[in-house]
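S.K.: Chain residues, written in single-letter form:
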Amino acid sequence: MRTGAAHIVMSLALRCLPQDGREWGQAMQAEFDQALRDGKPFGFAIGCLIAGWRRLPFHADGRFALASHALALGLIVPATFHLGCALSGVKLMISGQDHYYAMLAAGGVRGRAVADAYLTAAPALTLLLFLLGSAHCLIAWAILDRRWRRAAILWLAATVIAAAIVGIAIATVPGTAGIAIQFAASAIELAAIPLLAMWQNARAGASHPMEA
Amino acid sequence: MIRKRQPSKQMLKLLAALAAQPLLWRHGYDLMKATGLSSGTLYPLLMRMTEQGLVEAEWREPAQRGRPPRHAYRLTASGVALAGSIVTEHDAASRLSPA
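Chains as they are written, first to last, in the working numbering: chain A, 1 to 212; chain B, 1 to 99.
None of these hints come from the bench; they were simulated from the model.
Not one of these hints is a red herring.
In silico DMTMM-like links for lysine to aspartate or glutamate, alpha-carbon gap of 20 Å or less:
1) B/Lys13 with B/Glu56
2) A/Lys91 with A/Asp116
3) B/Lys13 with B/Asp30
4) B/Lys33 with A/Asp38
5) B/Lys33 with A/Asp33
6) B/Lys9 with B/Glu89
7) B/Lys13 with B/Glu89
8) B/Lys13 with B/Glu51
9) A/Lys40 with B/Asp30
FRET-style restraints, in silico, Cβ to Cβ:
10) A/Arg37 with B/Gln52: 26 to 34 Å
11) B/Ala20 with A/Arg149: 52 to 60 Å
12) A/Ala60 with B/Glu58: 23 to 31 Å
13) B/Gly84 with A/Trp141: 52 to 60 Å
14) A/Phe81 with B/Pro62: 50 to 58 Å
15) A/Phe81 with B/Pro22: 55 to 63 Å
16) A/Ala70 with B/Ala16: 36 to 44 Å
17) A/Leu190 with B/Glu51: 37 to 45 Å
18) A/Arg149 with B/Pro62: 40 to 48 Å
19) B/Gly36 with A/Arg149: 48 to 56 Å
20) A/Leu144 with B/Ala16: 39 to 47 Å
21) A/Lys40 with B/Gln21: 21 to 29 Å
22) B/Glu58 with A/Asp33: 15 to 23 Å
Even glycine gets a Cβ: it sits at the ideal position worked out from N, Cα and C.
The shape of chain B in the complex, shown without the other chains (with noise of 0.2 Å):
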């Protein structure tokens, strides 16, 4: 289900950065670098967008021997959705703005 309530800035670079490349799974620690969130703040959000079915996980194999298989995160259908309606929301908001 796609939230009805204005996205936070956070969630926004979060959903910019999964948006950038839909169909690639990223890990949390990757994420964290590319949107320059804290851990404390992406794990919640994560877990929200998750539960939200704006984003899906599982459980991928390490690149390397002998680490632990991590965690990995793409948007769901609904999530490219939402961040799309953004994006088109964004774009007639700064077309209707004076310059």
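Just chain A, same shape as in the assembly (with noise of 0.2 Å):
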């Protein structure tokens, strides 16, 4: 199991060497057959992976990594958010004590308006939540897969469901702080997708001249 376990580390350790780094990788892979022989392969494998962490800044396809790493983490922040929030509608539609409702309705016949509107787009703003969330979700692991046209396509997708929220929530929650976020977020996005497969092609370009 720890040996089994060794091997996989060891395998993402190669892959965050370089390109040009391949021979280090197989150095380190023969090394690591003396480490198993020697029964400590678990150790020798963590740190060949710290190894290649800390090389990761220092080359183009490390620093690539590092960035779309940065941006789908940066993505699965809002989508936990939304999904988490698809959650407590399931919830709060499911139990029947929605206290944010009673919140509203306390607030005189404007309140009770607001408050039965909100009651009436409940379901439909839980289900765009989760959409959102799983878009959010998809957007990341195409960024990680390098598939740029689908990346572009599910935010394409998750912007308008975050503009169906938009028009929901404004019909029925006071304040705009959470729908400038939302337009924020979609924003940074729509930067970063495209830039992100510009450098890639950038890269491409470079390590294949002739193609290009």
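Dock chain one against chain two, each of which comes alone in its own frame, and use the hints as you go.
M.R.: This is the structure:
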């Protein structure tokens, strides 16, 4: 089991090395064989992984991997938030005890009207939040997979869903802070996805100048 | 090119291990054992020192059949010079410091 884990860690370590550092990867792999015979493969593999990570900022492949993983992580954070909101929405609908509805309804005639609108919109809002969270997860996946066309289509879908959520939110929820954050996130994605795609194309062109 | 910056403690350990027998080719795993450095420290050091021309590396055929070829390392002339200059500096500092 530990040996299997060591092999996985070792493969990860080798993947962190740049194209022109493959020789170092082979060198580490050969010594890993020695560490296996010595009964200490896991510690050795972890060390190699750390060595690979330490080299990441110093080569183009590594910098690109760091940037795309940072963007993917940045997408997973709002995705988790949206999926969490959708889950809360489902819980509230099942339990029938929505404190936010009660709070809105306490605000007089206008408040009751807003509360009723909110209650009507809640199932659609929950579904849209679930779709938005899922879309963000899929965008993150597409970015790590370097499928820019898919990422762009998913971004478009996420923006449409976000616009629908904002439309419903404006009608029912007072305050625009959440809406501004949503638009800022969409704008960052809009800029980051084509930038990463162009960066990858430039790297591909640099490594294969004859094909460019 | 010999580095101007003060070598780190880990680099000194590696230099000392390689300078002990400068003509001998040493394997990464043996160097880990000799210096007590982890693979996560040793390999970035070896990569950097190779880039700086202090260490040379070459593939060596395995001692036993069925095992993969191994990368072996030794100091270059610049590496030996750096190791020598560090020993000289160390000796001078020892003489100047009060007993």
